[in-house]
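K.L.:
Here is what each chain is made of, one letter per residue.
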Amino acid sequence: MLLYLTASTAFLAFPALIMTKAGNAAWLSMALSAGFGYIGLWGWIRWSDTTANKAFVPALRETLGRFSGDFVGLMVFTYLLSSTSLLARVFSGGTIIGLLPEVPIEILQGTLIIVSAFGAWLGLEPVARTGVVLAPVVTLSLTVVLLASYRLVDIRHVFPFWGLGPLAVLKQGLRGAGIFANISALVILKAYMRNPRLSRAAGIWGMSLGAFFMILTTLVVAAAFPYPESTRQLFPLGVLARSIILGKFLQRLEALFSFSWFFSIAVNLAVAYVLSLIVFSQLSDTQTVRPYVFPMSSLTFGLGLLPPSLIHAVAWLDAIYSWGGNSVLWLGWALYCISRVTNGKQSRRTGANGGTVRRRGGKHPGDQGNWPTGAVPDSDTGGDAP
Amino acid sequence: MTMVGLLVILTGVAAGGCYGMRELEDLSLITLLGVDKGKTDPILVTAVVAIPRRIRPSAAGGGGGEGKPVVVVSREGKSIVHALQRIDESLARNVTTIETTYVILGEELAREDASCILDVFTRNLEFRHTTLIAVCQGTAQDFLMRLSPAVEADPATYLVGLTTVAYNDLGTSPLVTVHEFVVASTTLESEPFSPYLVTTRKTQERVPPGQGGEKKQGGESEAGQGGSRQESQEGEEVVAVQGAALFRVSGGKIRMVGTLDPKETMAALLMRGELQRGNIEIALPGAPDRQSIIRFHHVSAHPKVKRSGRDIQVTYNVRVTASLDEAQGQFQEVSPQFASAVAKTSTEELRALLERTIEKLKSLRSDSVNLGMSVHTKFATWKEWEEFDWPSQFPETRVSFDIKLFVFTTGFTSRPPVPR
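First to last, the protein sequences are chains A and B.
Just so we're aligned, residue 16 is where the first sequence starts under the working numbering, counting upward by one.
Just so we're aligned, residue 1250 is where the second sequence starts under the working numbering, counting upward by one.
So here's chain A without its partners, still in its complex pose (with noise of 0.2 Å):
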């Protein structure tokens, strides 16, 4: 799930984007987001250990307080599902002009938020098995297509080497970063695991798949269109895909590769779905998620309208991931500093060693830290419970 989250807005504008601002070496600008976004997933580790096997709006709680807590827990939940909402309309749009060009844009984005809201619906273990089951295939057709496109590539295209210059190289990496801060799912999944031990493994190997497919995917994508061409190029990897001829009895094979990242979007949706989904239902106090999965997918497909094109809705998503990401990516750092000068303080009073808290379960009704694993609606007994 993490991989999804990670590693599917390489099927979007983003590769393009990122050469508009670094140039040919929007791969090496990649790295770095890559390298920033592992520093980030390591404060948001190193939080988690301070709150034990709490949920994430409790824990935050528990760090910031009650009203700080739920207003970064908000926080969250307005990145979540503002970047869901425009992700699912960059997407239609991209579908429209690449595959699809006379399908209204409503009917293709409210397909896939019926079937990520579904996904929701029946709960984080279905989302997490639809995941696994796709992986190969998307994993599949985005090599096929990264391989395929061997002709169109060129490694002197990656030259020069800073691209615009060192300087923009950083600059991209740091405001890139945001489109891995997706990896701080990992707190909040982290209750839901049935080992919590893996967490950090798990995050780490979500990490490193999806920094692995975006370098790539860039590297190959400035390797194939040379700078400034490949800024004019709205998905490349949708042109790389149409460009592939397998021999004359094999036509028209982006519909495949197409399909099977819509299948990967709609595993990315679905994720963040859930995620917005606990999230709020955590800071409702609710013990229930889905009576919300019907007012959020309209309100992520109103939210997806709402910008007047796809160009402004891929500058809108650039915003939200340049900021909002950034935000979120680093917030696990803010947190783990603030938990240790709390727990210090905590310590210093009550004369107790060492700074973390290990307080299970919660006062308040809304304290879900002991929410048990596997807690999530289970479809076959149509439990209720998040």
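Derived from the structure by calculation, the hints contain no laboratory data.
Predicted, not measured: the structure shown is a model, and the values here were computed from it.
Be a bit skeptical, because a hint or two may be false.
What the hints assert, rightly or not - List of simulated lysine to any residue pairs, SDA-like, C-alpha gap at most 25 Å:
| no. | chain 1 | residue 1 | chain 2 | residue 2 |
| --- | --- | --- | --- | --- |
| 1 | B | K1553 | A | V168 |
| 2 | A | K36 | B | F1628 |
| 3 | B | K1627 | A | T246 |
| 4 | B | K1627 | A | Y165 |
| 5 | A | K36 | B | L1437 |
| 6 | B | K1502 | A | Y165 |
Following the hints, complete the assembly by docking chain B onto the known chain A.
P.N.:
Showing chain B alone in chain A's frame:
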């Protein structure tokens, strides 16, 4: 609830394809697209529309139906799409370019500005980046009207085959997709080039009575000197690949500035690192009145760039494995000295060809060999590269060739004991 959800999703996914559905029977597939300068409107588009039932091979292996397998329609318009819409008005089906394999540019348009054809390929889903592009002598309309494929029912298949053979087996023509053309025309590092096609009327060949349908060997087209040739019977048009058309991008326009002959095209392909097979003609060592063919089997060329400020020196390391394929007369010299003399002569011949070609490119200020792509690896940032201004520096660049040509066979291993 689960079943209802699944039903809604499946219906949504399945119904997505219903929008804009067009049956194949309702489409006119354009296989070749010609673009010229118009008289009243800016662009004249000529579409070669396939008639599938006539292209379909019959049991005997020939054309499947009576009459021409294509219909050729021309209309002027303000843009390519506009002209195609006008073509739509005269056909009973919707024209589509999803199966277009070649775009042919008329020479007049190419010399004025070829950029007008590129935008639609970047924006419009029906126009594919893998479509091939070429320039023809005269107008594309004339070229396509007179195009009479000799061995294929479908003109598009014939034209693709013609240039593919010239590119793969002879090295006398480039094979350029719209993607490569767009890339070369939008970057500083290279200039676009494309195959240069000519049509001419066959006059020399005689067909014996009763054999009107057969193709005879031995004739030679006026335009086919050194290029890829298509034999034909008297009176028919023949198409030849006459090398490459060179372009230069300046002031936002993509202008054709000259041509390379087939041999120079081979040299250019060699410098681009694309040459797969080719050949040169040399005078045999020891028998200068006898010409022979040296065929290249394996060729590689790697440019080594030295930069000192604004001074650029490029040395191409060219490595060739070749064989002596044919010599005029019964010339059967067999010795290591002869093989090495053949290699030396071939090397000098190849060097002269390469130097002639690069000088021509420099004089036309058209870096169609992508030399800039190697030079720009010596720059750290895009800003430095832009300030260097490669298009103006290309003619000043010093280019040399380090050629190692190995003749692995001269055709014989021993001299016959009693030569006649």
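K.L.:
Each hint should be assessed against the structure and marked as holding or not.
P.N.:
Each hint, compared with the structure:
1. For a cut-off of 25 Å, the pair hint linking K1553(B) to V168(A) stands: about 20 Å separates their Cα positions.
2. Distance check on the hinted pair: K36(A) and F1628(B) sit about 19 Å apart at the alpha-carbon level, within 25 Å; holds.
3. The straight-line distance between the Cα atoms of K1627(B) and T246(A) is roughly 23 Å, inside the 25 Å bound, and the hint therefore holds.
4. Distance restraint check for K1627(B) and Y165(A): the Cα-Cα separation of roughly 24 Å lies within the 25 Å cut-off, and the hinted pair is therefore satisfied.
5. Only pairs whose Cα atoms come within 25 Å are accepted, and K36(A) paired with L1437(B) is accepted, the gap being roughly 18 Å.
6. Taking the CA atoms of K1502(B) and Y165(A), the gap is near 29 Å; set against the 25 Å cutoff, the hint is violated.
Comparing the model with each earlier hint shows a violation of hint 6 alone; every other hint is respected.
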